[in-house]
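Since chain A is already given, all that's left is putting chain B on it; use the hints.
Chains A and B are the protein sequences, given in the same order. So the number in my numbering is just where the residue sits in the first sequence, counting from 1, plus 27. So the number in my numbering is just where the residue sits in the second sequence, counting from 1, plus 270.
No wet-lab data here; the hints were simulated from the structure. Watch out, some of these pointers could steer you wrong.
[Unchecked claim] Each computed BS3-like pair below joins lysine-lysine, with the alpha-carbon atoms no more than 27 angstroms apart: (1) K254(A) to K266(A); (2) K361(B) to K266(A); (3) K405(B) to K266(A); (4) K254(A) to K405(B); (5) K254(A) to K356(A); (6) K254(A) to K361(B).
[Claimed, not checked] Residues from chain B that keep clear of chain A, each with C-beta distances beyond 12 angstroms, as calculated: (7) G322; (8) R538; (9) E553.
All of these numbers come straight from a predicted model, not from anything done at the bench. Positions of the beta carbon are idealized from the N, C-alpha and C atoms, including for glycine.
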Amino acid sequence: MSSLGSVPAAGPSLSMASVTEAEALPAEGRTPAAAATPSSFPGGTLEYARTPTPAAANTPAASGWGAGWGDMLDGLRSNLLTLVLGVISIGGFFTLWYFATKYQFEFYVRFRNIPSPVLVFTEFVDVIKLPQFQKNLVTSIQRIFTGFAIAAALGVTLGLLIGRYRLVRGLVFPSLEIIRPIPGIAWVPMSIMLWPSSESSIVFICFLGAFFPILLNTMHGVQTVDKVLLRAARSLGAKEGALLVQIILPAALPHIFTGLGIGMGVAWVSLVAAEMISGQFGIGYFTWEAYSLIHYSHIVIGMLSIGFLGLLSSALIRAAGTLAMPWHKTHVNEGRE
Amino acid sequence: MNIVTTSPGAGGSPASTASRSAGHVDGTTGASTRGHIRIADMGIRFGRGARGVQAVSGVDLEVRPGEFVSLIGPSGCGKSTILNVVAGFLKPSSGSATMDGAAIDGPGADRGVVFQQYSLFPWMTVRTNVEFGLKMQGVPRSNRQQSARTLLGLAGLLSFENHYPDQLSGGMKQRVGIVRALATSPQVMLMDEPFGALDSQTRVVMQQILTNMWQQFRLSVLFITHDIEEAIFLSDRIYVMTARPGRIKAQIEVPLPRPRTAEMMVSRPFLDLRSQLHELIREESLAAMGGELKDGGLEGFGTEVGPKGLSELV
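Next comes chain A alone, as it looks inside the complex:
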């Protein structure tokens, strides 16, 4: 169901980049709005500590029971509203789809051959049991995670070095800048020639898709580390190695995770394109094959599966980000009531 919302997550890199950047920025200049609660300290003066967030809930919490219940009710109410709106949104989409196919809506766009949601659902229940379909899913997931893992390791390492050392930047960055604008799909023929198996060539294309967003965001993160933090660390005796690993890396983590999120999206785009052109398995191959075999409902099943997997992998990265950065709260402007 919720797979519908995932289409942008696995969507084209450029729009994705602007959205994620825009979300990431306010987090840096955020003004914590948490309530202040008094607590005394030896010396007799009053100091104000902001109410601890759940991340640090193991420390003495300052909020009382009464406030807790009120907050919970408020939270429940806003969650309920989100749920209701979500049901209306997704239900509305399926209703439109249903009627468009039922009455074979035709006005420039043609719904004549489009399968109805009911047909797609009944076919899906059958298809999901087929070992062939499961193998397609597993193959795609393996390719994505292999390519992405290599891209993450290499992108973050290289991003740190390029961001920190002018010599490395001067030596490595210009050649990367030539390769960067070439989209993953354009690499398909070259990749087939370059790599011994079609498997490794598809993984390579996934890698390329994920690599550049991760590299560039890491670089940007390194270059925007607050200089005062570097000075503070050096005045406490940190040498270059400690500075890189213990200060610059964690300070750049918010940017790195932005890069990982974008990279994952682009990796999916590249994967599906590569599978459609040169694959023998995989969810992209499945979708294209369904079109060749005039098996229309399978096209939709393939698309929705891609969307769902894209959503899942974005959620995984977000979860990893929350785990890796317990101090970091992303304050997103939630918009007008």
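What follows is chain B alone, placed relative to chain A:
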């Protein structure tokens, strides 16, 4: 009141003050002999050639072991630049800066630095922030944990040891910043407008905490501020700087007894010193803003606006 006005660029006069009052300092602060900072005829220039800017020139300055010295002056006069040289972040373009006789070469844990922008590492808890300096020295985990907890306990911050900096108020952040700088037992504390970002009530409390702390630890402190009362309340000696390029305009001994208390801030000597410093700083602030304040800028408006206010003019 001992006011020694140094003519700009002329070296030597701080040295004579040093010999005169060295006995006094030793008498009050005990046996500490380390943490002696000396700056001699120092100039700092940013950039090269005609487009370069002379930030400070001909600065002679000294912080004797266990002495609390403030540096005040109009904004942009190069106060922080001088501190950055002592911290080892900058190299002087001319002249010398030494600590206990050795030329300062890069930052080090023997000089604790407290910054105006708190500069706590946001991804570390309060305790791991305090532990960081010890970690860099290779102190084993359990030892440094214990040291950090002891220090945090002394500062009344122990119950916040597992908080992240973002969860603390400005005053608490800066107390953690001071504790973190103290953790490596430096001989010198360098404080760059540490209370500049705090509201005035918190600031007064922090000044009291700092002066009590200094009384216990007997460190040499170089304290940058633009707040005259803060400088008098905390310091043994105050250097006043000129507008850019910054030079030492005067150095003033603060005759108030130790330990300092809040009541002293309304005493006769305090108020006299304050007005004196105000006059010294005012001249320099006017000089610093010289270009901006031409053509009646200081009067606000050159013409009488009248009862209808601005609507009559525009």
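- Determine which of the earlier numbered hints do not hold for this structure and return their numbers in increasing order. The structure conflicts with no hint, since it agrees with every one listed earlier.
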